[in-house]
Amino acid sequence: MPMKLDAYLGVHATALKVRSQRTEVIAANLANADTPNYRARDIDFKAALAEAGSPNAGVHLSTTRAGHISNSPVNGVPAGELKYRVPLAPALDGNTVDTQLEQAAFAENSVRYQATLQFLSSKFRGLMTAITGQ
Amino acid sequence: MSSFKIFDIAGSGMSAQSVRLNTTASNLANADSVSGDPAQVYKARHPLFEAIRAGLGTNGANAGVSVKGIYENPAPPTARYEPGNPLADVNGYVYAPNVNTVEEMVNMISASRSYQNNVEVMNTAKEMMLATLRLGQ
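Protein chains in written order, with the working numbering: chain Y, 241 to 374; chain B, 1005 to 1141.
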């Protein structure tokens, strides 16, 4: 029976993708820490993962007129999961980036990314053990 | 692969912060460049930052930062009474730039910290990608 590699890897492959997208969003927040009127954003990880793993992934509202709001993915992130952060103390210039908070989120995200990598790595190692029988 | 964009984003941040550091250096260097003509005197320069993206619905997931332009502080220069100065005008006044040294020092520290932040982001992203390349080994 042919084995389904995607099913074997489980949620980790999708999680790795969402984590790397989240890294990008937080990197953008940090790069714009001094940009007037920039609003910090983040990915709702739980919702994004659920959306990516659901059978409805890839189903989107069609936009037939110019004023319609699309919910199609933005660079692979479902548009609904990319949310604005609620600022604790917005700056006078309209910037809502809290550098310390973003740094913490970035560190947390990269540790979790590496944890996911470890999971994937051990999955592959298990597979190699099964193949070689050693 | 999408995570290569992190290098663009962090790189744009570093470039913008170094422009800011440059203007600060220029302002501090010229803090005492007096002139006899208030129209000729140096004016403090500051960069204007802008996020490179259209909006949430279009291509908004990643936003670098760009320098929209550099504006000169329109505040009037400070007049100082120095009749002995060879640059003084007929009334004995020289005009000093409207550079606020304390503000510039604060700007310098802030720019340098933000630059370091972007460097760290880039380093971490690089390590994460290298770890991904080693996957399964």
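Everything labelled a hint here was simulated from the structure, so no lab data went into it.
Don't take each hint at face value.
To be verified - Here are the simulated distance ranges between beta carbons:
| # | chain 1 | residue 1 | chain 2 | residue 2 | range |
| --- | --- | --- | --- | --- | --- |
| 1 | Y | Leu-245 | B | Ser-1116 | 41 to 49 Å |
| 2 | Y | Ala-370 | B | Arg-1138 | 17 to 25 Å |
| 3 | Y | Phe-364 | B | Asn-1104 | 56 to 64 Å |
What the hints assert, rightly or not - A few chain Y residues that face chain B, going by a derived Cβ cut-off under 7 Å, partial list only:
| # | residue |
| --- | --- |
| 4 | Met-243 |
| 5 | Ala-247 |
| 6 | Thr-275 |
| 7 | Tyr-278 |
| 8 | Ala-344 |
| 9 | Glu-348 |
| 10 | Ser-362 |
| 11 | Phe-364 |
To be verified - Straight-line distance between alpha carbons at most 30 Å, and here's what the computed DSBU-like set of lysine-lysine pairs gives:
| # | chain 1 | residue 1 | chain 2 | residue 2 |
| --- | --- | --- | --- | --- |
| 12 | B | Lys-1072 | B | Lys-1047 |
| 13 | Y | Lys-323 | B | Lys-1047 |
| 14 | Y | Lys-323 | B | Lys-1009 |
| 15 | B | Lys-1072 | Y | Lys-323 |
| 16 | Y | Lys-363 | Y | Lys-257 |
| 17 | Y | Lys-323 | Y | Lys-257 |
| 18 | B | Lys-1009 | B | Lys-1130 |
| 19 | Y | Lys-323 | Y | Lys-244 |
| 20 | Y | Lys-286 | Y | Lys-244 |
| 21 | B | Lys-1047 | Y | Lys-257 |
| 22 | B | Lys-1072 | B | Lys-1009 |
| 23 | B | Lys-1047 | Y | Lys-363 |
| 24 | Y | Lys-363 | Y | Lys-244 |
| 25 | Y | Lys-257 | Y | Lys-244 |
| 26 | B | Lys-1130 | B | Lys-1072 |
| 27 | Y | Lys-286 | B | Lys-1047 |
| 28 | B | Lys-1130 | Y | Lys-257 |
| 29 | Y | Lys-286 | Y | Lys-257 |
| 30 | Y | Lys-286 | B | Lys-1130 |
| 31 | Y | Lys-286 | Y | Lys-323 |
| 32 | Y | Lys-363 | B | Lys-1130 |
Backbone N, C-alpha and C fix where the C-beta goes; we use that ideal spot for every residue, glycine too.
Hint by hint, here is what the structure shows:
{"no.": "1", "hint": "Y:Leu-245 x B:Ser-1116: 41 to 49 Å", "in the structure": "47 Å, holds"}
{"no.": "2", "hint": "Y:Ala-370 x B:Arg-1138: 17 to 25 Å", "in the structure": "21 Å, holds"}
{"no.": "3", "hint": "Y:Phe-364 x B:Asn-1104: 56 to 64 Å", "in the structure": "59 Å, holds"}
{"no.": "4", "hint": "Met-243", "in the structure": "16 Å, violated"}
{"no.": "5", "hint": "Ala-247", "in the structure": "18 Å, violated"}
{"no.": "6", "hint": "Thr-275", "in the structure": "4 Å, holds"}
{"no.": "7", "hint": "Tyr-278", "in the structure": "5 Å, holds"}
{"no.": "8", "hint": "Ala-344", "in the structure": "12 Å, violated"}
{"no.": "9", "hint": "Glu-348", "in the structure": "12 Å, violated"}
{"no.": "10", "hint": "Ser-362", "in the structure": "10 Å, violated"}
{"no.": "11", "hint": "Phe-364", "in the structure": "4 Å, holds"}
{"no.": "12", "hint": "B:Lys-1072 x B:Lys-1047", "in the structure": "19 Å, holds"}
{"no.": "13", "hint": "Y:Lys-323 x B:Lys-1047", "in the structure": "41 Å, violated"}
{"no.": "14", "hint": "Y:Lys-323 x B:Lys-1009", "in the structure": "20 Å, holds"}
{"no.": "15", "hint": "B:Lys-1072 x Y:Lys-323", "in the structure": "26 Å, holds"}
{"no.": "16", "hint": "Y:Lys-363 x Y:Lys-257", "in the structure": "17 Å, holds"}
{"no.": "17", "hint": "Y:Lys-323 x Y:Lys-257", "in the structure": "18 Å, holds"}
{"no.": "18", "hint": "B:Lys-1009 x B:Lys-1130", "in the structure": "11 Å, holds"}
{"no.": "19", "hint": "Y:Lys-323 x Y:Lys-244", "in the structure": "34 Å, violated"}
{"no.": "20", "hint": "Y:Lys-286 x Y:Lys-244", "in the structure": "25 Å, holds"}
{"no.": "21", "hint": "B:Lys-1047 x Y:Lys-257", "in the structure": "49 Å, violated"}
{"no.": "22", "hint": "B:Lys-1072 x B:Lys-1009", "in the structure": "21 Å, holds"}
{"no.": "23", "hint": "B:Lys-1047 x Y:Lys-363", "in the structure": "62 Å, violated"}
{"no.": "24", "hint": "Y:Lys-363 x Y:Lys-244", "in the structure": "13 Å, holds"}
{"no.": "25", "hint": "Y:Lys-257 x Y:Lys-244", "in the structure": "19 Å, holds"}
{"no.": "26", "hint": "B:Lys-1130 x B:Lys-1072", "in the structure": "28 Å, holds"}
{"no.": "27", "hint": "Y:Lys-286 x B:Lys-1047", "in the structure": "51 Å, violated"}
{"no.": "28", "hint": "B:Lys-1130 x Y:Lys-257", "in the structure": "16 Å, holds"}
{"no.": "29", "hint": "Y:Lys-286 x Y:Lys-257", "in the structure": "13 Å, holds"}
{"no.": "30", "hint": "Y:Lys-286 x B:Lys-1130", "in the structure": "25 Å, holds"}
{"no.": "31", "hint": "Y:Lys-286 x Y:Lys-323", "in the structure": "13 Å, holds"}
{"no.": "32", "hint": "Y:Lys-363 x B:Lys-1130", "in the structure": "23 Å, holds"}
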